Amino acid sequence: MSPRSVKYRQASHLAQRRIAGELFVVDPRHRCLHQPQGAGDPLWEWLKKGATVEELVQNLLRDYDVPRDTAEKDVRRFLRELKRKKIVEEVS
Amino acid sequence: MRVRGRESLSWRMMEAAEKAGAPHSAMVELTWRCPLRCRHCYLPAAERARREEPAELGTGELRRVFDEMAELGVLYLTLSGGEICRRPDLPELVAHARRNSFDVRLFTSGALVTPPLAAELARRGVARAEISLYGREETHDRITGVPGSYGRSLAGARLLKANGIAVTIKAPLMNLNIPDYPFLVRLAEEEGFLYGFDPTVVPRDDGDKTPTAFRCSDEVLGKVFRDPRLRVSVQGDRPEDHDTPTPLCEAGRSYVALGPNGDVYPCLQWRAVLGNVRRNALKDIWNSEEARRRRAMTRADYAVCNACDLLAYCPRCTGVAEREDGDFLGPSAAACRLARLNRDVLVGRSRSGAERPAAEAHPL
Ligand code: SF4
Ligand code: SF4
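Those sequence lines, one after another, are chains L and Y.
According to this note's numbering, the first sequence holds residues 1 to 92 in order.
According to this note's numbering, the second sequence holds residues 1 to 364 in order.
These are computed hints drawn from the structure, not numbers from a lab.
Quick caveat, the model's predicted, so the values are computed rather than measured.
A hint or two may mislead.
Think about it this way: if two alpha-carbon atoms lie no more than 25 Å apart in a straight line, the pair counts; the simulated BS3-like pairs of lysine-lysine are [what the hints assert, rightly or not]:
{"hint": "1", "chain 1": "L", "residue 1": "Lys83", "chain 2": "L", "residue 2": "Lys48"}
{"hint": "2", "chain 1": "L", "residue 1": "Lys49", "chain 2": "L", "residue 2": "Lys86"}
{"hint": "3", "chain 1": "L", "residue 1": "Lys85", "chain 2": "Y", "residue 2": "Lys161"}
{"hint": "4", "chain 1": "L", "residue 1": "Lys49", "chain 2": "L", "residue 2": "Lys73"}
{"hint": "5", "chain 1": "L", "residue 1": "Lys48", "chain 2": "L", "residue 2": "Lys86"}
{"hint": "6", "chain 1": "L", "residue 1": "Lys86", "chain 2": "Y", "residue 2": "Lys223"}
Please construct the entire structure, taking both the sequences and the accompanying hints into account.
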């Protein structure tokens, strides 16, 4: 599988809820609470079902008025952060 | 209830829950039945001894309640008892709770956990379990009244841990088990469990004060509070963390609780029945006049405690204040005692220049 076709998805062990419009994500394994903010909020929602980097970029371009390279940078930075926190998983 | 620092996300969540007028945490008692006979238990003995409980909510009813809780905004769901493993539908309930994206935590004695059950609970998405373990074998079995229960609980804890579930062993600090707490700390460290101790021993739900005879003396507790391994988990919150956005207690505000028969309470420690999910939707109970009236209370309603110099050191529980001292808005004699001890330890420590530990180490 080429790196571009890798799909990412929210890790299955997480718990989450939107309260008064704010999203709270619990990682019970690492006893942490997270909150995706800004563009991270919709990106996180798209990761519920699973998405490739390109799909996430396309979604951002569709919903936000940003240049493509900014969207791509945002997506990659966000995914890096999620991987570091171990709250995203790759799906084949 | 433990309050986090203002800058933390937990604090933000509490504020969001306040804004939404909805609970973020729910405690659900699946049953009151239990094979153990713990001497300090707050449930009346007759309830625990029942072999069957026809009044308990069934699987379908609990699934519906979980759906309603998720819709209301609950994120943290604790399944408690009695002994939850008495319910054969426990794995199914956990699975449904996880489908609703709750953070599911189990309170159990561990004594009925078998290898297949531990594997099933892990597979269905339980991440954390808290197991009551009171001391060495002899101490534990004497408190539970059931020979062999120590071995079964420890085996249960090990099974859950081996299946990837984070296990916390917890115990109340009583004159029945106080010499054994260092043993429990060592055991937790050797086995890779977390641990927590609670100095609060409360009267039973039916008003029976027998368990309060098991409270430790001031002298003994004072010594224990000074133990650097425990002091954080037995003390109230730090003074600077105590500036809450709400009254002194989150019961009925960001907490909701459910008894086995569907009664809804502000908290399991405060069994003021707000309604029953068999008769009404949880949302309607939560938004009932009675529930709103309680939520409308402010700190000023707790006049004595609000003006108290010890408030910052105080682990006061509204439910215990009502049960033991007769007024949920008033002081709790048991908490006053612990507040004084906390203050003495904290003030002594700051005088000695010792560093204050992080507030979130091993919270119960
Ligand atoms: S009733 Fe007691 S245990 Fe429950 S939220 Fe209030 S203070 Fe905490
Ligand atoms: S319970 Fe006692 S120590 Fe605690 S705040 Fe009230 S009066 Fe003060």
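For each hint, the structure was consulted:
Proximity of Lys83/L to Lys48/L is assessed by CA-CA distance (about 15 Å); at most 25 Å being required, the pair is judged to hold. Only pairs whose Cα atoms come within 25 Å are accepted, and Lys49/L paired with Lys86/L is accepted, the gap being roughly 17 Å. A C-alpha spacing of about 22 Å is found between Lys85/L and Lys161/Y, which places the hinted pair at or below 25 Å, so the restraint holds. The suggested pairing of Lys49/L with Lys73/L holds, with an alpha-carbon distance near 21 Å, which does not exceed 25 Å.
Using a Cα cut-off of 25 Å, the hinted pair Lys48/L and Lys86/L holds, with the two alpha carbons roughly 15 Å apart. Taking the CA atoms of Lys86/L and Lys223/Y, the gap is about 41 Å. The hint is violated against a cut of 25 Å.
Figure legend: structure checked against the earlier numbered hints; the only hint not met is number 6.
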